[in-house]
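Engineer: Assemble the complex: chain A is given as a structure, and chains B, C and D must be docked to it using the hints.
There are 4 protein chains.
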Amino acid sequence: MRIAERAVYAMSITPFDAHGELDEALLRAHLRFLSAGGVGVFVCSQGSGEGDLLTGAEKLRIYEVAVEELHGAAPVCAAGIGLAGATAGIEALARGAAERGVDAVYILPPRPNPVPPRPQEVERYYRRLIEAVDCPVILANNAFLAGYTLPLPTVITLVEAYPHLEAVLLVDANPSLLAQYVRAVGERTLVLTGVVSGILQAHAVGAAGVLCMEANVVPDLVPAIWSALEAGDLTAAERRYRRLMELSTVIARYGNPRSLKEALRAIGRDGGHLREPYLPLPGEEFADLERSLREAGFGGGPDDRGRSA
Amino acid sequence: MRIAERAVYAMSITPFDAHGELDEALLRAHLRFLSAGGVGVFVCSQGSGEGDLLTGAEKLRIYEVAVEELHGAAPVCAAGIGLAGATAGIEALARGAAERGVDAVYILPPRPNPVPPRPQEVERYYRRLIEAVDCPVILANNAFLAGYTLPLPTVITLVEAYPHLEAVLLVDANPSLLAQYVRAVGERTLVLTGVVSGILQAHAVGAAGVLCMEANVVPDLVPAIWSALEAGDLTAAERRYRRLMELSTVIARYGNPRSLKEALRAIGRDGGHLREPYLPLPGEEFADLERSLREAGFGGGPDDRGRSA
Amino acid sequence: MRIAERAVYAMSITPFDAHGELDEALLRAHLRFLSAGGVGVFVCSQGSGEGDLLTGAEKLRIYEVAVEELHGAAPVCAAGIGLAGATAGIEALARGAAERGVDAVYILPPRPNPVPPRPQEVERYYRRLIEAVDCPVILANNAFLAGYTLPLPTVITLVEAYPHLEAVLLVDANPSLLAQYVRAVGERTLVLTGVVSGILQAHAVGAAGVLCMEANVVPDLVPAIWSALEAGDLTAAERRYRRLMELSTVIARYGNPRSLKEALRAIGRDGGHLREPYLPLPGEEFADLERSLREAGFGGGPDDRGRSA
Amino acid sequence: MRIAERAVYAMSITPFDAHGELDEALLRAHLRFLSAGGVGVFVCSQGSGEGDLLTGAEKLRIYEVAVEELHGAAPVCAAGIGLAGATAGIEALARGAAERGVDAVYILPPRPNPVPPRPQEVERYYRRLIEAVDCPVILANNAFLAGYTLPLPTVITLVEAYPHLEAVLLVDANPSLLAQYVRAVGERTLVLTGVVSGILQAHAVGAAGVLCMEANVVPDLVPAIWSALEAGDLTAAERRYRRLMELSTVIARYGNPRSLKEALRAIGRDGGHLREPYLPLPGEEFADLERSLREAGFGGGPDDRGRSA
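Residue numbers (the working numbering), protein chains in the order written: chain A, 1 to 309; chain B, 1 to 309; chain C, 1 to 309; chain D, 1 to 309.
Simulated from the structure, these hints should not be mistaken for laboratory data. The beta carbon of each residue, even a glycine, is placed where N, CA and C say it ideally should be. Since no wrong hints were added, every one of them can be taken at face value.
Per the computed footprint, the stretches of chain C lying under chain D, defined by three or more beta-carbons under 8 Å from a beta-carbon of chain D, are:
id, segment
1, 170-179
2, 189-203
3, 230-238
4, 243-252
For each label pair, taking beta carbons as the anchor points, the in silico distance ranges come out as:
id, chain 1, residue 1, chain 2, residue 2, range
5, D, Phe144, B, His71, 54 to 60 Å
6, C, Pro153, D, Glu284, 17 to 23 Å
7, A, Pro163, B, Arg291, 28 to 34 Å
8, B, Ala36, C, Pro163, 52 to 58 Å
9, C, Pro153, A, Pro163, 40 to 46 Å
10, C, Gly101, B, Arg95, 33 to 39 Å
11, C, Asp17, B, Ala18, 41 to 47 Å
12, A, Arg2, D, Thr154, 48 to 54 Å
The following block holds chain A by itself, in its conformation from the complex (with noise of 0.2 Å):
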C-alpha cells in the first residue's frame, strides 16, 4: 500500500506484558484501532513506541507482525532505524524491514554522539541506508531525536539521486522552513510534519501529511482535522484542533510513552505494560491524567470513546 494513502500517521505504542515482554495480541489490537481510526502507522519509534528499548529481533518481529494485521488495510512505516548504532547495523536491521514486506522504513539521522556527525559522514551514512533497500524510504529530519538538523541541499541531493526516497518528515517548529522543503522538494516526494500542533500551517503551505503520537489515544481525530482542510471546512477544522489541542496538553503532562499507555488505560482501554526504564504513574497521577481525559470529554463511556469531534 503506497504511503501516499494515508495523510495521518500514528507513532504506534508498542505493548507489553507484565514481564516486559512484546505483547503481540495487544499489539494487533492495537494497530487495528489505529488502522479503524483512518490512521497509517509507524512501529517501533524511538519515544511512543519504546524504540530504544527494543533489540533488533524485538523489531522485526514487530514489523513482520503489523505487516501481517495491517497488510492493505493501513500503509505500515518501519521506525526505530538509525541514530544510535553502527551504520552496518543499522542496514542490517532497514534490509530486515523491508524484507519483512513493509511499506517504507523511517530512517533518523545519525546519532553516534552529542556532537553532531560531519556532513559528509551524514551524505555517506543516508546513501548506504537508502540504498541498502528497494522498498520506499522516509527520510526524517529531526532535531528533537538527533540534537542536529540535516541541511537542506543534503535533503535535496538525496532527493535527488532516489526515487525511491518518497517522503521527507520534518519536525521543526518553524513553518517557513517546510514552507521552503515543498518548494525544494515537494514535486519529486512527499513533505510531512512530525508537529502535529503545526498541522494548519502544514496544510497552508502544501504538506502532503502529518506524524503524531494522539491518535494512539483517539485515532480518527487527526484525520478529521485533515479531512476538514481539505473539503476547506474552517469551522469544523478548528472546533477539531481546539480537541487536539486539548488532548495534547494532557498527555504532554505526563511524558510520552507514560501518557500513551496510561490514558488508554483511563478510557477503557489496553495498550499493555511499560518497559523499564519506564514506571507506571502514582495513583493520585494516574487519578488526574483521567479526570483531565474525561473533563475534556474523552473517553467518557462507551459511546463517544475515541469519537473525536
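Structural biologist: Only chains B, C and D this time, still in chain A's reference frame:
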C-alpha cells in the same frame, strides 16, 4: 480607540535620518502606511522599532507623534517599556506614555541580568507598573526577549487583580500553551500571539489577534489572513498564508530590523536609516533581498506594491 | 595607575539608600574595603554593580567618586559601558568615563537584540568606541552577557590596531580557549579571565589575572590565591581555593547581586540596599545565608572578618 | 586491582580493522600502551571508545580481552553500560561484565528519550543495576551524554545504600559542584571528574582523580600532572598542564573519536580504523592535524613520542 478594534498589530520600525536622528516626517508617513493597511501599531518595540537604541526622551516623543498622527485611525501601543533598567525609571516611562494619550502601554518582563529574577520580584515589578497607569495595559510574556517565561498562575493573578490589564501577549511556539491561556484568562482579557507564523492555530484556539513585524513591508497581508479566517474562507486564508511565509523567509534572512528597512527600500518605499550598531546591508546582500522580494511578487512595481493577495 | 598593577579585580557592588538612590558614603567605604584587600575595582558592572539599573548620569558620578576615592591606591575601571543602547550613546558614556580619569574603560559587546549582530557590525562598534577614548581600554568577550562570543580573529585585529587596548577579558569556561588567547594576543595585551573558579588553570596557562564578584565579601581571598600561585606555594593556593569554592557556593545560592549585599549584611558590613526589581531576601533565606557563611567560617566575628586563609 | 590504585583513567579507543571488525591485536597493544603510561582504562566508552557502535557481544569480548591483557597491571572499568536501551538488557550487560572479571562497572544514567526520565525512574534504574553486580560500581553523573544531571540527594542515597558503589564520576564544568560532591560523599566513595581541563581545581577540592581521552595519544601526560600536584610541585604541574591544553586544542578540532585515531596515526602509532558512520579525515585535514601535533612537539619522532613534560 480600544485595542480590541484591531486584530493585527505591527511592531513599527523607527525611521532615522543619515545622522542617526529620529526622522519624524518619515515616521508619520510610515504610521499612516501601516494604519491604511488595517493594523494597529506598537511603537518603540525592542527589535523592529530599535527600541533598545532609543533614549527615554526619544520614546516619549515617538509616543506623542504616533498619537497625533493616528488618533482615532488606529490604536497606538507604547512599546519599549521594561526589560532593562530600574523599575523606577520604567515606571516613569510608562506614566509618560499614558500622559501622551497612547491607547495602551505594553510592558515587557524585567531582565536586569541573564539570570532570571525571582517570582516575587516579577510580580512586584508588574504590580508597580500596572498600578502606575490608568490607561489599558498589555502584559508581555516574551521568553525570546526576557530569557524566561512568566508562570501562568502569575498571569492569572495579575489579570484578576487589574481590570485595565486588557491584553496578554504570548510569544511561544507551542499552540497548546496559547490554548491554555485562552481558557485561563480569555474571558477577562484579550489573548494575543506574537508568533505570526502560528496565526492559523491562534485563530483556531480563540486568540484575539497577532503582533507581527511583516506588516511594515506589506501592511494589509496579515489583516487579510485574519479576515479570511473570520469569514471561514479557508482557501483565501491559506493562499495568503503562503504569501506570508514567503515574505517571512526573505525578511528573516538578514535579521530584524535591517531587513525591514532594506526591504522597504527594495520595494520603493522609505523607512529611513538604521541606527548603529546596525549597519545597512552590503550591496550584494541588498541585491539578493531585492531580487527575492521581486521574485516572490512583493513590490514589483507601483500597481501591486503592498497588495497582499 | 596601570591596570597591570593588580592581578585581581572586583566587580564592586553599588550601594543604594532606602529610597533607591546612590549612597555615596557607603560606596566610598566599600571601595576602600576592596582596595585594602588588594584588588582593583570595576564599578557599574552589569550584575554585581547593578549597572543595568543605573542611568548614564549615575554611572558618570560613580566613576568620578571611585577615581576620587581610590586614585593611586587601586586601579579604577569603568564598567557598564556597552551591551544595550545606541553606539552613539555608549560612545558618549565612554568619553565621559575617560574624562573623569578612570584607569581604563571596560567595553562590553553590542547586544541590541537577542539575535547576535553581524561580524562587521561588531568590529565597527568596537573601532568607534576604542577610537573615542585615549585612556586604556579593556575589551570584554562575555558570551554570558552578550549571548554570543567574539571571534578570536576579530580580537586579534583590534589588539593589533590599537595599542591602548591594554587588556582582553574572556568569560568562558573552557581553559583551552583562554590558553589560545594567551598565545594569540598575550604578548601585546593582558589576558584576563572572568571565571574565578578557573583561577588555577588561568594562572597555569599564563593569564594575567582575574575579575570576580566574591571579593566584595572577602576582598583579600582571591589575591591570596594568586600570590600563592605566583610564589609556587601549591598547598596554600589549594587551601585558599577551597575557601573560595565554599564562598562561591553560598553566594551563588540566591543570585547576584542579592547575595552580595545580603552576605555583607550577614557578616556585619553595610553594602546598602538593592534597587528594584531586585528585592531583599525573605527572612528565612537570609537566615540560611547567614548560617551558611558562619558555618563556613566567613565573618564569624570581628577577629576573622574578611580574613582569607 | 582496586580502582583507587590509579588517579588517572583513559577512555580507551576501540581499534577496528578495515572491514569495521574489532581488531583484538591492536586493542591489546593499545591497552598496554595506556597501562605503561600509568593510567587505568575504561573500555567501550560512548565517545572515545565508539561504545555506541558496539553490540553487546562485542562489548563483552572487549571486557574479556582487557581483563586478560591488563589484569593486575591497571584497573579495567567496563564502560558503555546504560544510557540507551531497556533496563533488563543493560542489567544483563553489567552482569556479563562482572563475570568477565572487570575491576569495576561504570553505569551511565538512563536516556531512553530526549525528555529526561522521572526521578523515581532514575533511582529505580540505578538500584536495579547496582544490585545486579557484586563488583565495584562507578556511577556516572554525565549531563553531556544524558541531557540532564542527577540530583545530589539521589547520589547520596545510592552511595549510602551500596558500599560497593566505590566511585562517582561527575562531568560538570562547575568546580564548586565538584567540591560539594567531595563534601557530601567523599568520605564514603571516590569522587572523580570527567573534565580533564579542570584537573587543577579537581585536585584542589579533593577529588580522587580524573577520566580523560587525551591519554590515548600521550598516556603519561595527565598522570605526570597529577603526580606533580601530589608532590606540591606547582611549576611542573603548570608546565605539563599547558602541554595538555595544547594537546586538547588539537584533538578537539576534528572531534572525538576521529581525532584520537588520526592523532595516533599522525604520531606513528596504530589505533586502527573508525567504524561508520565515522569517516577518516580528508587528506588536508589530516595534514593539519599532523602539523599541529608536530609543531606542539607531540610525536615528532621516536625519541619523544609520548613523552609528557
